[in-house]
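Produce the complete structure using the sequences and hints provided.
The residues making up each chain are set out below.
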Amino acid sequence: MGTMSLLFSITTVIYLIASILYLVAMVTKRQQTSSMGRWALLAGIVIHAACFGVRHSTAGGTPVTSLHESLAFFAWCLVLLFLLLDLRFRLSAMGAFAAPLAFLLMVASALSPDVVVQLNPVLRSWLFPVHITFAFLGNAAFALSFGAGVMYLIQNRMLKSKRFTGIYQLLPSLDVLDKVNYTCLSVGFPLMTLGIISGAFWANTAWGTYWHWDPKETWALLTWFLYAALLHGRLTIGWRGRKAAIFSIIAFMFLLFTFLGVNLLLGGYHTFEAFAFL
Amino acid sequence: MNIVIVGLSHKTAPVEIREIVAFPTTAMEAPLQQMLELPSVIEAVIVSTCNRVELYAISRQPVAAVIEMKQFMADFHNLEMETLQDHLYDFEGKDAIQHVLRVAASLDSMMVGEPQILGQIKTAYGYACEYKTVGLILNRFLNKAFSVAKRVRTETAIASNAVSVSFAAVELARKIFDSLENKTVMLIGAGEMCELAAKHFVNNGVSKVLVTNRTFSRAEKLAEEFDGVAVSFDNFREQLHRVDIVLSSTGAPDYVLDAKKLKQVCKERRYKPMFLIDIAVPRDIDPAANKLDSIYLYDVDDLQGVVQANVKERQKEAAKAELIIADEVNQFQTWLAALEVKPTIVALRQQLEKVRCAEVQKTLSSLNGLSDKERKAIESMTCALVNKILHQPTYVLKQANNNGDGSLYIDAVRTLFDLPDPVDQKSDKLNDCSDI
Chain D
1 MGTMSLLFSI TTVIYLIASI LYLVAMVTKR QQTSSMGRWA LLAGIVIHAA
51 CFGVRHSTAG GTPVTSLHES LAFFAWCLVL LFLLLDLRFR LSAMGAFAAP
101 LAFLLMVASA LSPDVVVQLN PVLRSWLFPV HITFAFLGNA AFALSFGAGV
151 MYLIQNRMLK SKRFTGIYQL LPSLDVLDKV NYTCLSVGFP LMTLGIISGA
201 FWANTAWGTY WHWDPKETWA LLTWFLYAAL LHGRLTIGWR GRKAAIFSII
251 AFMFLLFTFL GVNLLLGGYH TFEAFAFL
Chain V
1 MNIVIVGLSH KTAPVEIREI VAFPTTAMEA PLQQMLELPS VIEAVIVSTC
51 NRVELYAISR QPVAAVIEMK QFMADFHNLE METLQDHLYD FEGKDAIQHV
101 LRVAASLDSM MVGEPQILGQ IKTAYGYACE YKTVGLILNR FLNKAFSVAK
151 RVRTETAIAS NAVSVSFAAV ELARKIFDSL ENKTVMLIGA GEMCELAAKH
201 FVNNGVSKVL VTNRTFSRAE KLAEEFDGVA VSFDNFREQL HRVDIVLSST
251 GAPDYVLDAK KLKQVCKERR YKPMFLIDIA VPRDIDPAAN KLDSIYLYDV
301 DDLQGVVQAN VKERQKEAAK AELIIADEVN QFQTWLAALE VKPTIVALRQ
351 QLEKVRCAEV QKTLSSLNGL SDKERKAIES MTCALVNKIL HQPTYVLKQA
401 NNNGDGSLYI DAVRTLFDLP DPVDQKSDKL NDCSDI
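Heads up: the sequence lines are chains D and V, in that order. Quick note: the first sequence uses my numbering, first residue 1, plus one each step. Quick note: the second sequence uses my numbering, first residue 1, plus one each step.
These are computed hints drawn from the structure, not numbers from a lab. Just so it is clear, the structure is predicted and the values come from calculations on it, not from any experiment. Heads up, the beta-carbon is just placed ideally off N, CA and C, and yes, glycines get one too. Check the hints yourself; a few may be wrong.
[As the list claims (entries may be wrong)] Using 20 Å as the maximum straight-line C-alpha spacing, the simulated PhoX-like pairs for lysine-lysine come out as follows:
#  : chain 1 : residue 1 : chain 2 : residue 2
1  : D       : Lys243    : D       : Lys160
2  : V       : Lys272    : D       : Lys243
3  : V       : Lys260    : D       : Lys160
4  : V       : Lys122    : V       : Lys144
5  : V       : Lys150    : V       : Lys316
6  : D       : Lys243    : V       : Lys291
7  : V       : Lys132    : V       : Lys144
8  : V       : Lys312    : D       : Lys162
9  : V       : Lys354    : V       : Lys342
10 : V       : Lys208    : V       : Lys272
11 : V       : Lys183    : D       : Lys179
12 : D       : Lys29     : V       : Lys320
13 : D       : Lys160    : V       : Lys291
14 : V       : Lys261    : V       : Lys272
15 : V       : Lys267    : V       : Lys183
16 : D       : Lys29     : V       : Lys316
17 : D       : Lys179    : V       : Lys70
18 : V       : Lys272    : V       : Lys183
19 : V       : Lys376    : V       : Lys362
20 : V       : Lys312    : D       : Lys29
21 : V       : Lys208    : V       : Lys221
22 : V       : Lys260    : V       : Lys272
23 : D       : Lys29     : V       : Lys150
24 : V       : Lys398    : V       : Lys388
25 : V       : Lys70     : V       : Lys11
26 : V       : Lys208    : V       : Lys183
27 : V       : Lys263    : D       : Lys160
28 : V       : Lys272    : V       : Lys291
29 : V       : Lys291    : V       : Lys312
30 : V       : Lys263    : D       : Lys243
31 : V       : Lys272    : D       : Lys160
32 : V       : Lys122    : V       : Lys132
33 : V       : Lys291    : V       : Lys267
34 : D       : Lys162    : V       : Lys291
35 : D       : Lys160    : V       : Lys267
36 : D       : Lys243    : V       : Lys398
[As the list claims (entries may be wrong)] Looking from chain D toward chain V, a few residues come up when the C-beta cut is under 8 Å (computed):
#  : residue
37 : Arg88
38 : Leu159
39 : Phe164
40 : Ser173
Written as structure tokens, this is what we have:
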């Protein structure tokens, strides 16, 4: 427990440092500072991964059964995908969105009760980690597409209104932001799809039915349809730019509700307590 | 040792004067040599651009040097001193150091932050090296100026915003398309500004140029210039869907492109963004088109607005740059003063040593019957005395130099102890430019 919480704290602090570096880089416009932020994030996910490793051996299974663990795992997925995206597009400006978000997720995680929950034997299956990983990576990709969407709208507004504030220089071009939005969507959508399918199979092995229509499943399906519509719009009708950005922001709101709102408000199989009692 | 500057710039002299006093860069040897021959000048550099003519010198008598250099400038260009006098400025010491650092960092330029001046000073320095008119101090100083200019450029955003309309257009395009590679530009009409902007676009990677004009032959001519394609004015609208950037400057009294047509074009382009620049007055493109999602329409006033905002931004950055300069001025001054501290300390020591030897000699010759041991004791006592006396002044001199008022103490020490003037450096000029 000691090592685990130490690693957890170190990770949180590193994400905080990375956030500060990225924000400072935004103000001072210095490339060096943002690349320091990048290295900090890289160090952060490595230590964070070690933290999961320790937790895995303590819990004797995939350590994503409580809200505490889910939020932390989400942060990890987010940073991982951001770093991959950054590798491709050099998105220092987005670091100022992703790093603080990861930090806040860690803080939220720290604030929710840290219990190592033994998974109910009924639910023990190799499909559990698969389901969790796909679903969370998908969520992280959509969070980034949300970030890119917001940045697009800000940049677009400045270019349209012809009034430029300091942030104009820092934001990437519309073209890059739109590409990022699309990339995240095209990565996130298959991940989410696989997450849902693996979840269904897992449900079948545990309870004998693929689909329960519990609130989380229903909302996930609704969100899935939204993203499917967006992807379809982009690929066939030529939706892009502002329209796609707005759509991805709205869809992310639904995703957020699916991820958190359902657990906190509606209950069902996916509530974390349910794992404990089942 | 002082840095002395005499010169004039766009701020003090009209172009009529500037063009007369400019030194042709093709023949720099004569003026540089002549300047070096001035009695008070030890090192010489001449910077001559269309906005600025400045003489940089190292001298021991700054007041005399200023008069000589002004006279030289008038004589060389066969001007009456009266005509020139009012336009000339002069600096020495700290002010001179600051002036050159500011000029090199483009803080004194007509358009603050434009980098050309740095290259021009480098060229001037190159000539001075070639004709061996620079020595230790100007070498060190100008290299310092170059590195400070670089520091200003990397640590402030002084040069990061476009301050001309056509560059502003290119920058806006970059914020929309990211890269201009594989983008297509269409020129509608053939205004001069349009052509200039098109050149900037081509220089920045635009690969394809379409040109249309009411007079087809003019379109063809312009297209040839850009290695592009001429399109007849009657059906250029049919080509618009292939175009990413439009530059329009026709003399048409009405809109050449209306919003309705552009809406259709957007659809044909599958809503890929389109950047329209309307330089014409009266305008060529219906301003309502800017409301379309994938259209970014800028007219002349919009671009001017961007430029003005950028100029303001540069001025803000210039304030940051001034802080850097102030810091560097102090550093260089300390270095310059240190050049003289060491010789002064050596001279002071020699002076006292001379006195000591003479007095010991006198005393020993009047005393008889001293043993060798006793003689040695007197010798070492006097040595210790000199060392003790020198300790504090030496310490203070070094300290004062670090605090930036070395020259004050150096002068005081030289006067108090009647030290000889340092060797005139004119005789042993250092002529190497390798001190980077």
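Next item on the list: Run the structure past the numbered hints and jot down the numbers of the failing ones, going up.
Entry: Hints 17, 29, 36 and 37 not satisfied by this model.
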